[in-house]
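Residue numbers (the numbering used here), protein chains in the order written: chain V, 2 to 115; chain P, 108 to 222.
Because the hints were derived from the structure by calculation, they are not lab data. What you are looking at is a predicted structure, and each value in this text was computed from that prediction instead of being measured. Using N, Cα and C, we set each Cβ at its ideal position, and we do this for glycine too. Any given hint could be a false lead.
[What the hints assert, rightly or not] Label-pair distances were calculated between CB atoms; the ranges are: (1) V:S87 with P:K175: 36 to 42 Å; (2) P:T214 with V:G4: 33 to 39 Å; (3) P:E122 with V:T99: 35 to 41 Å.
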Amino acid sequence: KAGVTQTPRYLIKTRGQQVTLSCSPISGHRSVSWYQQTPGQGLQFLFEYFSETQRNKGNFPGRFSGRQFSNSRSEMNVSTLELGDSALYLCASRLSVTSAETQYFGPGTRLLVL
Amino acid sequence: AQSVTQLGSHVSVSEGALVLLRCNYSSSVPPYLFWYVQYPNQGLQLLLKYTSAATLVKGINGFEAEFKKSETSFHLTKPSAHMSDAAEYFCAVSVPTGTASKLTFGTGTRLQVTL
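Could you build all of it, start to finish, from the sequences and the hints given here?
As structure tokens, then:
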């Protein structure tokens, strides 16, 4: 089975712009989660979608949003980019949203905001 | 609320030596615990997970971890380090939240393996 794929892998934007990142889950997985990874804050949970509904949300401003499509693919959007949004954005998929279910991670999208 | 503490942001061992990476958790409900590894410029790869079936969990690449409820610990070990084990390791706890569940990660431990 193909793993979780994320596009693009690298992105450079300037402050004030917006960006959309894409994630395709493992076939059959209906849940997609997004995480932000930075050297200072580590791995922080952004949100999780299951069957096109947001099930969980982390402590991020409203500039960060996401959605999930009927084929389980997900996108996250960051509007009005700030320098501090520079990070590795990781997507993870799993079959369901129960605690025991393993999350499988993609390679990430590295975003640099100038 | 759940949390994870990883003692030691950097650990250095010689090739062939024992690897011990420490993880302590805090959870108000029985937790599910995970260890992930991240190689440079890559995503996270699952090493092993604890889901209450057995307290000693064996994972990939020779790693194992033991769940100790009395110590709220889930330390990761490998009897003999290999150069290819050099990476960053993350411990995570998953607990139910509303209609779903959420993974909370520790701050990570970078493992260096020297000759």
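Structure-based check of all given hints:
{"no.": "1", "hint": "V:S87 with P:K175: 36 to 42 Å", "result": "holds (39 Å)"}
{"no.": "2", "hint": "P:T214 with V:G4: 33 to 39 Å", "result": "violated (25 Å)"}
{"no.": "3", "hint": "P:E122 with V:T99: 35 to 41 Å", "result": "holds (39 Å)"}
Against the hints set out earlier in the document, a violation occurs for number 2 only.
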